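Protein chains in written order, with the working numbering: chain A, 2 to 507; chain B, 3 to 302; chain C, 286 to 529; chain D, 2 to 349.
Just so you know, these hints were derived from the structure itself, not from any lab.
It is possible that some hints are incorrect.
Each computed DSBU-like pair below joins lysine-lysine, with the alpha-carbon atoms no more than 35 angstroms apart [as the list claims (entries may be wrong)]: (1) B/126 x A/385; (2) C/289 x B/181; (3) A/97 x A/217; (4) C/521 x B/181; (5) C/496 x B/181; (6) A/495 x A/193.
In silico contact screen, one side only, chain A against chain D (beta carbon under 7 angstroms); selected entries [to be verified]: (7) 86; (8) 89; (9) 93; (10) 173; (11) 190; (12) 191; (13) 204; (14) 211; (15) 214; (16) 269; (17) 272; (18) 378; (19) 384; (20) 386; (21) 393; (22) 396.
Only a predicted model underlies this, so the values are computations on that prediction, with no experimental measurement involved.
Note that beta-carbon positions come from the ideal geometry of N, C-alpha and C, so glycine has one too.
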Amino acid sequence: MKKENTPDQTDTNNVVEDALDENADLTFTRRTFLKGSVAVSAGIAAPAYLAGISKSFAAASGPVKIGHIEDLSGNLAVYGVQKDHAAQLAVKEINKGKTLKGGPAGSGGVGSLSNYAVNPPVMGNGDKDLKFVNDGGDLSGSGMAFVEDEDVLIDSGESGILGREVELLHPDGQSSNNIWQQLTRKLIQEDKVDCLVAGFTSAEREAIRPIVDQFKQLYIYTNQYEGGVADSNTFCTGAICEQQVIPVVDYMIQRFGPRVYTIAADYNFGQLTAAWTRAFAPVVGGEIIGEEFVPLSVSDFTTSIAKIQAAKPDWVFTLLVGSNQSNYYPQAAATGLEYPMASTVNMAQGYEHRRFKAPSLDRMYNCVNYIEEIPTNRNRAFVKRWYEMFPDDPYIGQMAQNTYFSIHMYAKAVRIAGTTDQEEVKRAFESGLHLEAPEGTVFMEPSTHHCSHYIRLATADADHNVSFVREWPSIQPWWLQRLGVNLVRHKEYKQYIPDEDPFFKG
Amino acid sequence: MELDPLALSLIYQFGTNAAFLFLAALGLIVILGMMNIINLAHGELMMMGAYVATIAHNQAGLPFPLAVVVSFFSVALFGTVLELLIVRRFYGRELGALVVTWGLSLVLGQGTFLVFGPFMPAIKIPGGSYSYGSFSFSEYWLVLIGISIALVIGLYWLYRYTKYGLQARATMQNAEMAKALGVPTSRVYTLTFSLGAGLAGLSGALLAPTSTIAPFMGQQFVAPAFITVVVGGAANVISGAVGSSVLLSAIKTPIGMAFGAFLGTVALLVAALIIIRIMPNGISATIQKLMDRRRAASIS
Amino acid sequence: MNGKFALEARNVSKHFGGVIAASEVNLQVSPGELRCIIGPNGAGKSTLFALLCGIQRAESGDIFIHEHNVTQMQPFKRIRLGVGLTFQTTRAFQDLSVRRNLAIPNPNLAVYKEGHQRGAKRLQIALEGFGLDPSDDTRAGELPHHKLQWLAISMVLAGYPDTVLIDEPTAGMSRDETDRTTEVLKQLNAHGLTIVVVEHDMHFVKSVAEKVTVLHQGRIFMEGNVAEVTANEDVKKIYLGHAH
Amino acid sequence: MSSKILSLIGGDADVGTSRIFWVGFVIVVILFALYPTQASEFRASNVAYYLLNIPLGLGMALLWGYCGVLSFGHVAYFGIAGYAYGIIAGNMAGNSFGPIAGVLGGLLASALVAGIFAYFVFYARVREWIIPILTLVLTLLLETFLGQTAGYQWRVGSVLLGGYNGMTGIPSFQIGSFVFMGYSFYYFCMVIVLVCYVSLRMLVNSNFGQVVFAIQQDPLRTETFGYDIRARQWLVFVLSAILASVSGLLYVQWGNYITPSQVGLLSAALPVIWASVGGRTSLLAVVIATIVLNWVTFTLSAQGNQYAMVIIGSALVITMLFFPRGIVIMAAEWIGRFTNRPTKSTGG
């Protein structure tokens, strides 16, 4: 069978037709797996240079192993179980011969696929006149990458990846960093996973990243986070500060006024996101009139609420994390605090708008790359698939969607690489992959290993109905680029923090 | 007289902080003070109270005050079972009790997670708010402050004037002697434990509308509750709980207002360490000593 | 070590809440004396011991051990001045063997150090008198009550003190055992050990002591030799609970 | 002299005094020494993790089991030593004495904090049950402080404290140019654990250890034998804090990483659990329990078993109910009935 390896020989149409038969038995699957190697490019003319990447298959056999660590017990299990289910769903789909639309778009990003050249949001050129946020991009025009394809889950033409079944190894991190480290070593050294998808908190990511780097393991971190990881082995598929903070701050200042009060969780994520706010609010005409950092253990917000009242802001930026801190919302509502609120974490993660009684989150604005309520057909189809598999789940959060598309993206990268060899797959990831995720189009930006996202500004009304006030179809992860990070050329293994950017000193 | 809004807000914050600490510590201090059992599953008992109240209110449709009462009795019943099956084997083995209740807390927390999932829909906070100047105050918190005071009076009455109270105090002072005098000490212990558990459930239910209803929500109460209890001491349950929650709130409120939540929290912890250095047996023991001294002075 | 008194309390007072445990107590014990302290329950006998050893701090008054003012001194320092103490409830270390128990007060039990011959001799008297084996590996908790009591007394002697305070040594013992205890204490006293005993048992008191102190309601009610005290009508009343 | 040492090691203050026991002990040590030859580097490193927790457990046994003082916050010293090592060795990166200086600095920092804290606790004569809560408060205070140290203002020399994300890139231990990693780190841990165990066994069999045990049984009685019990409690507390720091130092060398959650509520409970399940009055029992419980936790979580916490919690409750002195101790006594002749005096 190995002689069939060259992708050119594949009859893609056949593959698609064959794979449509969902009842295809195993022998059939084996027969067609080789053909499926480039099914990914069905419908997309792969640029010629990719041929160099698509090498012949490694003689690997047995299942493709995806290691997935999340917290299934303990304090963080709330989010971990969601992500674990997302991974199960994605793996099931891949094994059933499904894939998300998309493919290599080249280093230019999604815009290069469209008939119109779309300007990605402009980033700073050194001076402080930075205007990133426009009214939401140009959604008109046919053939654009931004057109919301309705049916994005298509047949991959093979069962599994490269015809090999995908096996999900998903141990329980128990919300303990030590267990995370042990499990990472186990998955890498003993189970020899082809890809590691893991990490809720930044602490968990930082706990395992040294191990990942020691073994040059391909690692996908799917959480929304504070940004700055520049690591040749790590691909970050969650949204980061420049994609969430700046649009929402800009909108809120225009809409409600310049006086901002930030209340943030007193740890890395909260502090760094607050630093972003501090740096960029003045650029769009805002002013931080108060800032408070709250330890994660705090659950009684009486004093913090009084401090906000004393400061009289136009709106409050709430960067509160974890279940203790979400107590802020009902407490603030009960005290009669009626300022508009903005956030980058709440609602889309812990579905506070479903749990808390209205109107606790009235006039809450949140910039998200995913939220279950996104009113597109592709998302409705995704939500439907999810609840068919997990009917008892309470909510599909932002990170769960990230995990879901990341695993599909991995499958795509392997098909491009034609092998599960990790260095090759990393290069495939760096080929400028785009994918039609439930949120919209995502693009893996090669030089920084971060994704551009379809960002929406969601808001809850007095009855906690979610609506979307603005959309930015593609916001690039530009901050690391601004710092000169180019992982394609220079290997790096660190996390930058805003202190390293002179802009944040001002 | 026109009251400065900031001053009024500080008084309100002081009251809510004290009520929070008092409610968080109440069940713990009853069990600890009367029975010398350090109950590390205290947070989980509060969590159970919150769950019972949520289910009774949201799903069974009971009015909230009734749901709180239901929580009190359900958790008290659970406490009785716990006492009969497990806790009673640990009297006089304080550290053993500490470890066994820690084990219980793990089982209860993760068990709730497996049965009820990550979150419960919250209870709407009853009541509205008042505003004064630029500040506003939650009616519900004002009610909680009132309930805290009523609980103090109720407990005082319970221990002072009821048969149970008399027996409990006798047992606490000298269990052997009380037994010899015909006090059914074992029943007193069971009752005390279920009272403590019930009060934890009651506090959990009362605080439920102000917090996230989740399996591990109990953890947020553990540290404040223990600090309050340690500072209060076990010489007298009521004066300990009241004295310590008032004192700690008086330290935490102004510092939190002036320097933010982080230093407010740090101030609380540091104050606890210093108070323990000055009053090794807690505020209640100091109050007791002062009263004794006065009595001694009046005798001689 | 040749002070006028081995042990002295001057005007010592102590209250617990409203209860007077010691009031203006004056007590002098000369070296080599065997003194009995008697009194009804709650008379303050055990408190007096606790005050002498520093387990309780006196509210007023002073305490001297061999003319050292120890009023502000912590218990262990007072013990190091040559005092030993047993408690009313038998207190040996139940989980340790007899050998280990005897080693706690004096780790180098086997070594008869210079200057410690007297102490070692006394310990030997006690061990032989009580029939205890210093290399016995039996757990103390397994000993019968009277042996445990004897072990507790021997442990005190193992610290080589010159003054011992013994709280109710014969409580719960049979007549034979009491006699044996009496005998050993007398022998020890004959070897120069100053002994202060709290005891209820008048038979015991009569057979060991020359001088008796009667405590009542925290005060020294009477002091005198055995005959005087036993003859006193007021003392009898105290014991019967009439006098105030 | 050497017979004196042997009698100290073999004394009856810990389970296992028979010849059969010591033969078994030597066999187990040899098996542990041979393990890396049969196992992958990953497995060796995993077992090294179980081993490196043992000093922390031993410190708990010494403090709680032998001295009767329960600390619920010994992980604070674990954390202080780890952070101090990270700061010192990180700043001296490239210098081969860095790690040694880091170890010394870590031990010193822990001992200092433990000394001051224990002075507060023991000389204030606080009640016994308050000590665990005070220690817990201390460790929570440390966690809260470390959690908010993200950002450059918390840079010590060239090392960032790193806030809740933790301190990364902590250098491995090295002597001269030899770096302890993988298999060599396994042996490094094993030797340290063995040294800790044997020297502690000597300590508890010594007069000092016996007096400490007496303090646990009856503090007042011990004081009336002329011992300054507070000084001894203080010393034992500091000693057990140093043992906790040994674990902390090994931990940061194992993972090259430490976070504030190492000193959090969940971590704080672990040594208490090991000590109570194994049996806190025996050093060996705690050693066994530490290894077994770590292994069970890891195995359960590797299977993605959501019941891990329920199982561990129930195990704790069952142990306390039915094996109140610890499973290992009670099993050892049961076995001892068959192997131990009525104990002859081992000397002293």
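Compare the structure with the hints numbered earlier in the document and write down the numbers of the violated ones, lowest to highest.
-> Hints 2, 5, 7, 8, 9, 15, 18, 19, 20, 21, 22 contradicted; others consistent.
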